[in-house]
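Taking the hints into account, I'd like the entire structure generated from these sequences.
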Amino acid sequence: MRQFKARREPRSGTKTFFEHGRDEYLAAKVVPWVEPRRFCNALEEIHTPLGPLYKRSGYPWITLVLGSGCLEAGHDISGTRVRDVPAIVQRLLADVDPLPDGTNAAKLAGAFAASLIADRLGPSASRGSGDDSEAAAEPGDPRPQAGDSFDTTTDLKTAKLLLCAALLTRLYHLASAAAPDALSRTGHDRVSLPIGRAGSAELETDALQPVLVLLEELISSAEENGHDSEDAVLHQALATIDSSLSPRGHQPSLRVADIQLLTELCWYSLTQGTSVYPGWNDLLLHLSTRSSPALFDRWLPRPAFDDIDAACQFVEQRYAATTRLSWAQLEDDDQTDRERFYATVAAVLRQQAALREGFLQSSPLQPPIASAFVTSFDLELEMAMWRSSTEPFVVAVPMNLLQDVAEPATCLASVCWLGCLIRPDHDLTHSEQLERLRTPAEADWFLLNGDTAYELTYGNYPVVVRLSGSPLMRAPRLWTEDGSDWNDLCRRLLKDYHIELPSEPPDLNEPELRMAHVALLDEYSAMQHAASEFLVYQPDRSNERVRQGLPGALFGTRGSAFARFWMMMGVQVSDSSIRYRFASQMTVPTSIDGESVKKAPTPSRAGLVVNWRTDDTVRDLLGWYNFDVVTDRCENFQVDLQHYLRHLQSTTHRPAARKRCELT
Amino acid sequence: MITLEQWKKNFLDKDTCPWRGPKPMEPGDDDLLVGRQDDRDRFAHEVLTHQLVILHGESGVGKSSLLNVGLVRDLTERGFQPIVCRNWAREAGSPDRPEDFVAAKVASELRSLGINVGDAAPQSMVEQLNANYGELAVLVLDQFEELIRHQRPFFKRALDWVVELNSRYDIHVVISLRSEYVHRLKALNVQIRPFSMSTFELEALTAAEHIRDVMASGNPGHFGSTASLRTEDAIPDPAALAITLEAIELLLGEWNTIQETEFGSADVGLLHLQGALYALYARAKPDGTAIRAEHVRQMIAAAVERNRDIFSLGLIESVSRKLDLCEEACLDEDPASSLDEFLIAGTREAVRRTAAHLSSGGFKLDREAWDLAQLALQRELRIFSEIEKGPAERAFRTIYGLGTTAAPAAAGAVDLLSVPRAVVAAAAGLRAPAEASQASPLAELGIAVSPWEADPQSLSAGPMFGYPPDEVVIEELRRFAFALEWLTTSSLIRPTSPVVDCTMLSLIHDGFGEALEDWADSEHTGPAAALVLLTGAQGDVFEWVREDADEYWPQFDGAGQDRIIVNLRWYNCRVHARFRHVVFANCDFRGTQFVNCSFEGVVFVNCLLDGAMFGDCDIIGPVVSAPAKVYDKEGLPSFALTGLDASTRAALSHYRGEDFSGATLYSVTSGVPVTNRPGTRSKLLDWASQRGGLTMYGGRLSSLMVRSGHFRGGGELALRHIAGSSLDITEQGAALISLFGSSIRGLSISRRVGPEEEQGEIKLIVQGSVLANTWFDEGLTGTARFDNSVVWQLMNVSERSSYRVTLENCTRYGAVNIEDTENAGPKADFAEHGIADRGEIVHQARLMAYRREPAMVELDETRGQ
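Sequences listed follow chains D and X, in order. Numbering-wise (our numbering), the first sequence opens with residue 1 and increments by one. Numbering-wise (our numbering), the second sequence opens with residue 1 and increments by one.
Keep in mind that the hints were calculated from the coordinates and are not lab data. A quick note: this is a predicted structure, and the numbers were derived from the prediction, not measured. Even glycine gets a Cβ: it sits at the ideal position worked out from N, Cα and C. Accuracy of the hints is not assured; some may be wrong.
[As the list claims (entries may be wrong)] Examples of chain X residues lying across from chain D (beta carbon under 10 Å, computed):
1. His45
2. Leu75
3. Arg78
4. Glu341
Okay, here's the thing in structure tokens:
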């Protein structure tokens, strides 16, 4: 009987998860006799199943997907003096009385802070914690760059919040130890405090009372600052805990989720004042404090903006200063790790585009479009592209076309993709260049959709695809410069979306149609965006199929001799919205553009996910797409990207699978 | 004589137009594929990104051009290996299984590209192709609609094969067909792998900048194109331009105006534009200049006059121009090698007749070649109804170079233009040409084959006068086959052979149908075709009146010189035309009515005029008097003909296989063709070239009627050395009629019915003739003078004072109511029991007697019976 096998790889016995990082990955992918083992050997080994066309003319075509994890390369929170925080906390709480059981509250809070930092930033960041922290805080160290000092951001309130979180955590574990209840399936565990029962006095006096005192203090402090949205959130979280711990006719209890939320608020309190890019979860938490109502019923709040512009505005606010700082630092002679990383990515993109340009359009020998995907909101890659050359490049951005309908104050939003041709101009002043990058010429915006025109018109430009949106760029307008009429972009959009052109000229105060940025922050939006990728229609009565999503050429290989090898670097795959968005994009070529239905052989692996932290859910999903998952820092693969770049630049750039690569 | 290949070369040499005109492009015409770059890019992209691409578009929109010129090169440059199949002909030896058939076609194309696929089975060929080229192989199935239309079972299986290619192999497939057939590929949608198919519609090129580029493509460096206008390149030498900028602008304005109309863009496309440029070039060529604005304006005016736009008219004129080129290509630098005018004009007529069957209601029709032959040669095949269809079809296929199952064509062995009739007849099973034989009863008259034996029904005509129908049919088929070559070489039709023994012909574009019909209509008004008939006309109506009624057709106007027309056979026809300075020799006009014609200096020499009628004709100008001393009592006279044009003599030589190149030909007697030797006839009569009147020399008549002739300017009807019975001059007003050296039994003259003022004097002069039974009807005025003649029974019913009949030196056997003159001659009478001079009477009786074959009279005379 014929057996129908799921497409999911790997077959049993094939290792796809490499928790020990890059070296383990290369050891598994490259035959033992090749020394040194290089990523290029692994790539070629992976591409071995490809057919004669590939072997004749093809080449591994790395397509990078960059997430917020890439920002950690070099100058970010893990590269700052965050390791000083435990010492600072201890110092700030030095005057606090010992706890009833004699425990030093300052030390307790410092230790808590150290463990928190270690968890959030990974093992490398935690190395500096503990005993070394004092030394690290010593004056005389090289002057940290702006935003590196936590003396100002770590105040007494934060220290007390850390102490509170530490006490609550201790209370939870002590109470759990007293009554070892079964762990719940949901993870929303709650422990009942055996207050008033025999043997509970010690728990009550040593653990509960100090918490209640501290909670009271923190709540009143938060009330005083109630106008601040962040304090409002904190107040709500603290009040919830206080309420559950204060027996008012019911058994006092403590939820894990509440402690987790408070821990997140601690982390947020520690980091929100710094001038580095926020991690993804930090961003979500930050935005949650700005949105109302936020979803605070779980450990990690999820922002829920009811104004389509609000999310983008807050994202823009959160990133603007950091972006300017990062851009300013690019002028420094000292190149940071992050700068090097993004410069390498930009160079790879530029070189891929140059290689493609050398071939006739639509030739199977022509490499795929040089594209890189970004799932965060920063402009690091665009900035690197800008600085690398004055040659134009394209940024593909998801947008919402907002259309006023009859009912006042109501808009219909349609997801669409716009492209923008960015023309780097190095003659402008440094700050003007960033401004130009963020506000490109109106005429350089164009409508992207799934048809072939993109490939023929813009196919030779390198492309940065913003999967989550790019709120830091100014959205294009839909009317002519003098405001007297709707512009060509508008007309083209309306035609493709079957929307009638307004009979009246635009009202510039309240335009009937306008573009708004997208900030992909939740699963709902991810699904909406994915839906647009799968929506295929036939304009007019033609036989042409048009997909509203991204042009397939940006993520497929469109019949060429090449196969894309996806490298997901620091992508926040543990976030369901990002995961969903990327997964749907990976599905499009196989379902709509028919690439997978070819019988043509495919590489043994579709790509590689590099994250320093992943969970089973992520590995499971990515397994379906034939990805290997490597737990490692993105920067550890930078050397491989640079080596790949040299292959691209070499006239004899094809790597060998089972031979030492002579290219250095 | 030039061969077909030479003719084709001549055509191409003469076709110097820098625009291609209305025809698909071929590989190598890259520069002419202007305005299609975007389509080329998009199409190549579709091929790259889909394993199956359906290319479709309206007829003539440029699919084949895109494939021939654009796609093949584009794909090759991109590393693909395109294999274009468009010959869906089933030939002898083609595999029976459809999939094998299609695969064999592909294998054949591969071999032609130098790709060795061995002799393996078709399936292996595909495997081999897939293994060697994989997704780089692009199989282009062009003109797929022909498979759909003509080979339905094969089409379905071919689709299955495409599905198999799609599902099992990496080979890309492009199917190109006309839009109206796209729905026939619907089955593919559900059978092929999902998303592996794309449909690409090639739309008409109408954007102004592209149209400008097409116009400018005729100029050096495409001067005047959209791109050239943006550069500051030097302006080329005006003398080298094919079209001026002003003309481009003017034409572009017309184009834009038409495109803005409701139906303009649908009706007028690139084909029409190319046609207009081609036609304009032909208009400008005689001026030796580029196409100038004035040429465009003139053509616009001509178009308006015909209630058309310039582009529609351009298509018509370009079709006409191409056919003219076909005709010009028949002429070689060496006149002796040129094709004869009978073949040329006959072919042109065959094109005209074929055109009517190639389209209907603006849509082209598919015709099997032999079916089309039967339609185009309907008249001939009806007249030669005794010839069976089978041999005729085989003869056609032999000439046209088509193999049949029974008799495969030997490739290259047969040249359409020169293959001898004997070869064709042998291949087809027709009667072989008779050998010239001294045993021919007419050999002594210089006639190798007796017409009544070879052509007992008197069907042949022209240079084949007196030839057997089998041979005439072969020549008619040759003309038709050559006509197909004209149409093919002009890129108007495309022959395909979907199955063995079947060649389908159809117009390349629907638009050609109307253009061809329009051309055919303009052709039909002239007499050219009727003058080159090989199969005599029967019952045709020839209305050859020009728009200006006083104008002559050139063919009927000797303009001071004698235009000699020989061997015509217009049987029972009706003719309305003006003739001037024309000599008809040895023509068969039996039963034909010349009505309302005009004759000025027209001579009939040894023509058959039995039952002919000249009704209400103008007879203009005097006839030169006959030499007074020429009397021939030995029988019907023979005449020498000089001044026959070289082309006709060449044709006679070609068709009759004898040398007619000599300056003098002979008209030995009537009912036979002109000859190249006088035979035993020693006495050749001089006949005077005439500049006025209507003269009949020699020949036979029976029941010839002249009714209501209008004699103008001294007009005269002269009958000289004529023999026969029953000559009726009826309803006649004023007239001058002379008989000289003739023998006629039954001459009657009656007056015109009507008011007296329409009556006129009728003057009859009879010299050296024998007249039996002469009747002058009542009411005549004028005179009848008989001189040195024999008169058997004459009756003048008119008043003797009004119509005076005088005899001079005549012998009369009974004459009533004549003038009593002294030198009237002897008054003789018959003995009641015998004839005194029987020999003379018998001789005269033989001359007068009706004979089915008049030359038999000569034989009788020769045999002394």
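Quick rundown of the hints versus the structure:
1. Among the interface hints, the one on His45 of chain X holds; its C-beta lies about 4 Å from the nearest C-beta in chain D, closer than the 10 Å criterion.
2. Of the supplied interface hints, the one on Leu75 of chain X holds, with its beta-carbon coming within about 9 Å of a beta-carbon of chain D, less than 10 Å.
3. Checking Arg78 of chain X against chain D: minimum C-beta separation of about 3 Å stays under 10 Å; hint holds.
4. Using the Cβ-Cβ criterion of 10 Å, the hint placing Glu341 of chain X at the interface with chain D is not satisfied: the shortest such distance is roughly 54 Å.
Violated hint: 4 only; the structure is consistent with all others.
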